Structures are given as C-alpha cells and as structure tokens.
Amino acid sequence: MNWFGLGLGFATLFVIGLGFVWVIRGERYFGYLWWPYVLGAGILFIFGSLFISNYWVSALLGVFGASLIWGSTELKEQAVRSEIGWYPFREKKILPPFARFIKKWKAPSL
Amino acid sequence: MELNLIGIAAALATFLGVWMGHVTVRKVERETVDLRTPTRIMLALGIGFGVFSILTPSLILSAMSGIFAMTLVWDSHEFIRQQERIRIGRAPANPNNSRHAKILAEHPTATTVDWLEREPRGDLYSAVDLMAFKEGVE
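The listed protein sequences correspond, in order, to chains A and B. Numbers in my numbering are just positions in the first sequence, counted from 1, shifted up by 1. Numbers in my numbering are just positions in the second sequence, counted from 1, shifted up by 74.
Mixed in with the good hints there might be a few duds.
[Said to hold, decoys possible] Derived DEER-like restraints, expressed as beta-carbon distance ranges:
id: 1; chain 1: A; residue 1: Leu19; chain 2: B; residue 2: Leu190; range: 51 to 59 Å
id: 2; chain 1: A; residue 1: Pro37; chain 2: B; residue 2: Thr106; range: 34 to 42 Å
id: 3; chain 1: A; residue 1: Trp4; chain 2: B; residue 2: Val202; range: 54 to 62 Å
id: 4; chain 1: B; residue 1: Lys208; chain 2: A; residue 2: Val22; range: 25 to 33 Å
id: 5; chain 1: A; residue 1: Pro98; chain 2: B; residue 2: Glu180; range: 47 to 55 Å
id: 6; chain 1: A; residue 1: Met2; chain 2: B; residue 2: Leu190; range: 24 to 32 Å
id: 7; chain 1: A; residue 1: Phe102; chain 2: B; residue 2: Ile115; range: 41 to 49 Å
id: 8; chain 1: B; residue 1: Lys208; chain 2: A; residue 2: Lys107; range: 23 to 31 Å
id: 9; chain 1: B; residue 1: Pro131; chain 2: A; residue 2: Pro37; range: 19 to 27 Å
id: 10; chain 1: A; residue 1: Arg29; chain 2: B; residue 2: Arg155; range: 57 to 65 Å
id: 11; chain 1: A; residue 1: Arg91; chain 2: B; residue 2: Glu76; range: 25 to 33 Å
id: 12; chain 1: A; residue 1: Ile95; chain 2: B; residue 2: Leu119; range: 38 to 46 Å
id: 13; chain 1: A; residue 1: Phe99; chain 2: B; residue 2: His181; range: 38 to 46 Å
id: 14; chain 1: A; residue 1: Pro98; chain 2: B; residue 2: Thr98; range: 30 to 38 Å
[As the list claims (entries may be wrong)] Chain A is faced by these chain B residues, among others (derived, beta-carbon under 7 Å):
id: 15; residue: Thr88
id: 16; residue: Phe89
id: 17; residue: Leu133
id: 18; residue: Ser139
id: 19; residue: Gly140
id: 20; residue: Ala143
id: 21; residue: Ala179
id: 22; residue: Tyr199
Derived by calculation from the structure, the hints in this document are not laboratory data. A quick note: this is a predicted structure, and the numbers were derived from the prediction, not measured. Beta carbons are placed, not taken as given, at the ideal position from N, Cα and C, and that holds for glycine.
Let the hints inform the model, and build the full structure from the sequences given.
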C-alpha cells in the first residue's frame, strides 16, 4: 500500500485553494498584466523540481508551478469579475515592468 | 545528476486535472438535465484513481493518480455549485436545457448572458452599463 499519491492529491487541493486566494488578491492590487511573469515563474518552479531529489519537495514544487500557470490564465477573467462588481475593485494597480507592451498581447484564458 | 521526474508528472496531473475539471463541469452541467449521473461518474472515476494510486508500486503513477483522484472527487461536487452559479446569474444558462429553462423561469437573477466574455477595460462598470449590456444581449 502506497499512500504517497493520495497524500499528494490532498495537498494539491490546498495548493489549488491557495490559488483562488492569490489570484483574487493579486489581481486586485497588481492587475492582470502580471500574467507573463506568473506564467514564467510557474515554468521555472516545474523546471526546478527536476533537480530536487526529495520526492515530496519535487512533487509539491511541480504542483505549485502548475497552479501558477493555471492562475496566470485566470487573472484576465478575475480582472473582469472585479470590474463588473463581483469582487472589490481597486483602480490603482502596481503594474509590472513592460506593462505597455504586455497590454498589446492577448492574455490567455482557458 | 539524475533528474527527478516526479515534479513534472505532478505538475502535468495538476494542470490537466484543473483544466479538464473546469471545462468538463461547465460543459456537462450546461447540457445535462439530470446532474446525478455525471456526479456519480465523476465520483466513481475519482475513487477508481484513488484505489489505483494506493495499489501501484510506481511513485510517479501514484502521484498522478492521487492528484486525479482528489480533483475528480472535488469536481463531482462542482456540478451542484455550477448550478448555483446559474441560479445567481454568474454563469450563463442554456435555455435549451429543460433544467436551466426552469431555473430561468423561477430565478430572476438567472440569465443567458456570459458576463465574462469581454476584455478587462481597467474601470468599474456602473449598474446602468451592466443593465444596458444585459438587455442588449437578451
């Protein structure tokens, strides 16, 4: 009997739940234009997990990286949700570097 | 140095689990009249993956199926939550589905409008803007 997978699955639920929190808060204060940085961070986490020999740490890094990638695709919809009043809207955002250029790209949404 | 593939496997399972769950729940809830069938199927699949995860000797397969198990069991409950989003008008109702048609008739908040089908504009919408948009679509 091997409980590693179910334990990891349980931990994944928490990481995904955490995703809801940081997507909502992050969008409120920083705006959705951070999405390429969040996406990049997710890819880096997953890449980094390759070099960690501890199974739990490597797996959790991968799960966290995947939830960052997923969150990066949720930021745009979250921006709309707050603009239409479903979540508190904050006009002043701390914009990312190169926000002017990022604005011209199509933000991913799945 | 030997590369540890378990992180990538766990990442793949997490991303696929969340993505498929997200798409499947919305699509199936929209088309199905009786939600009990998809709920049971999701739950059964989740339990199946859970049992496999405990029995397999492979750590990578155990990790992936454990993640699928938990996300599928969670998704089985999401059908009811999605129906609630239809009731309060945060997700678009499908008038061709008799269950949704009933919700549309009984709940004034329910709508066929997909509020999220738009790009962010950087500004808060007023109640008048939203009402005009809703009337324009309906």
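Verification of the hints:
no.	hint	result
1	Leu19/A with Leu190/B: 51 to 59 Å	22 Å, violated
2	Pro37/A with Thr106/B: 34 to 42 Å	37 Å, holds
3	Trp4/A with Val202/B: 54 to 62 Å	56 Å, holds
4	Lys208/B with Val22/A: 25 to 33 Å	30 Å, holds
5	Pro98/A with Glu180/B: 47 to 55 Å	50 Å, holds
6	Met2/A with Leu190/B: 24 to 32 Å	44 Å, violated
7	Phe102/A with Ile115/B: 41 to 49 Å	45 Å, holds
8	Lys208/B with Lys107/A: 23 to 31 Å	26 Å, holds
9	Pro131/B with Pro37/A: 19 to 27 Å	40 Å, violated
10	Arg29/A with Arg155/B: 57 to 65 Å	23 Å, violated
11	Arg91/A with Glu76/B: 25 to 33 Å	47 Å, violated
12	Ile95/A with Leu119/B: 38 to 46 Å	42 Å, holds
13	Phe99/A with His181/B: 38 to 46 Å	44 Å, holds
14	Pro98/A with Thr98/B: 30 to 38 Å	37 Å, holds
15	Thr88	4 Å, holds
16	Phe89	4 Å, holds
17	Leu133	6 Å, holds
18	Ser139	6 Å, holds
19	Gly140	3 Å, holds
20	Ala143	5 Å, holds
21	Ala179	24 Å, violated
22	Tyr199	5 Å, holds
Checked against the numbered hints above, the structure violates hints 1, 6, 9, 10, 11, 21; every other hint is satisfied.
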